[in-house]
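J.: Given chain R, work out where chain W should sit, using these hints.
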Amino acid sequence: MGLIAEGILHAFRLLLSGDPEVWQITLLSLQISGAATLLSLAIGIPAGTALALARFPGRGLVVSLVNTGMGLPPVVVGLFVTILLWRNGVLGALELLYTPTAMVLAQLVIAAPIVTGLTMAAVQQIPERFRLQVLALGASRAQMTWVLVKEARLPLLAAMMAGFGGVISEVGASMMVGGNLKGSTRVLTTATVLETSKGNFDIAIALSVILLAITFLVNWALTAIQQRR
Amino acid sequence: MTRLVLALAAVVALTAALLPGRALTQTSVILSTTTSTQDSGLLDVLVPMFERKSGLTVKTISVGTGQALALAARGEADVTLAHAPALEKKYVEEGKMLNRRLVMYNDFIIVGPEDDPAKVKGQPSAVVALRRIAAAQARFVSRGDKSGTHLLEQGLWKLGGLEPTGAWYIESGQGMGATLGIANDRRAYTISDRGTWLAFQKRVSLRIMVEKDRPLLNIYSVMEVNPANGPRVNAGGGKAFAEFMLSPEVQALIRTFGVDKYGQALFVPIAGKKDEDF
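Protein chains in written order, with my numbering: chain R, 1 to 229; chain W, 1 to 278.
Pulled out of the complex, with its shape left as it was, chain R reads as follows (with noise of 0.2 Å):
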């Protein structure tokens, strides 16, 4: 008990003492989680969206395997992202592997399932009634789904906050793409990890506190926009 107070004493101290690596690794953290978030929102949102109103022969098996990407092992999408990066692989010219473009690369792949299957959960459960009014009273295609969307804010925040927090607190993918390279591709999770495999329990510790702590907020806002009347 005395360990976890240490440290997040030392996580204070950390942070008070402006320590400029813990604060870029807490800023990469953000960039390139808060990055791959923004990615997957982009595509989980239509996505969902086609899928929660299309009807089209093998809809169900997609559903399927969009709702088991929606728990998709981070290390075996490390490991699969990997093999495509290696210089020597199908990705390589590209020369991404250990760097913060490869991190967002993976958890995009991460986190594109969870928004996709949470928005298609979000606009299924809008009933039909609604969507045949909206019709109804003029609107076109397009205006329908935007409304639909709108409609569905509070549960697509939701789907916005699950899928940040699936990648920010992700540790397997982000080690192996990145490499955990000091001052360009360490983030919160492998510093923790590292720390922790040193020995130094109290900054392993701190840095987990950090990372609570920025998850938290990002969360609380969020939470704040989605409960705003």
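Hints in this document: simulated from the structure, not taken from any laboratory.
In silico lysine-lysine, DSS-like type, Cα no more than 30 Å apart, as pairs:
#1 W:K53 with W:K273
#2 W:K158 with W:K212
#3 R:K182 with W:K96
#4 R:K182 with W:K53
The calculated label-pair distances, taken between Cβ atoms and stated as ranges, are:
#5 W:G272 with R:F12: 43 to 51 Å
#6 R:G18 with W:A86: 42 to 50 Å
#7 R:P20 with W:G272: 35 to 43 Å
#8 R:V90 with W:D260: 44 to 52 Å
#9 R:N67 with W:G173: 26 to 34 Å
#10 W:K53 with R:P20: 21 to 29 Å
#11 R:I43 with W:K158: 48 to 56 Å
#12 W:G173 with R:G89: 20 to 28 Å
#13 R:V90 with W:I208: 47 to 55 Å
#14 W:I208 with R:T68: 45 to 53 Å
#15 R:I43 with W:P164: 49 to 57 Å
Don't be surprised by glycine CBs; every beta carbon is placed ideally from N, CA and C.
T.: Then chain W, alone, in the frame of chain R:
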């Protein structure tokens, strides 16, 4: 609300675009190495020094020795710093790795619970100690991850003509620090490199049981990756890093590295020596 989300999106997208992007092959060197060198903090000192001198960017990928060599053999690294002589020699014989040269050594120790159920404390021979642990079926935690430490441990069991199996033989599959923690909790024996032990000894109630036996020597070598392993191997950069590790300046730095923190040096520099000298 939409405007707020859009503004947020713009800010994040902008910062993401400003992130350091792709590095060109010619200016970066991929060093595949073991977790123990990373955990010791030695590379945090040496890598920036090399980057300043050479103008190259080093990407240090710290993994188990088995993976470090496997990556290099696929041309996914340019230079390798490892500590598994038998495995390294195999890669050199296959032509995957070139120019293997010794850099430094430290040593492994067998640690165990204070009450020492297998009665091995002070035993000069590591092999005899392991035989006693096996005979007593006293708990032993193995790394089980093809790391240099695991390979050395397997070599010791083989030397003793033993094949450890049974409930007493626990495979952690984790790094050295975590493995020491497990050994501590389970009151078990394990083998650790001295560097990790020095970092962890305050956290655990284990004691050193066996040390300073020849088979416990932990020799680190640097190897260059054969450019034939893949089209993008930066052979020049790899060679430059290898030469750097063997330079008098770095060897002098290694000699005193860790004294300030642990009261003793973590490694002994041995550039120019051969395996036969040990």
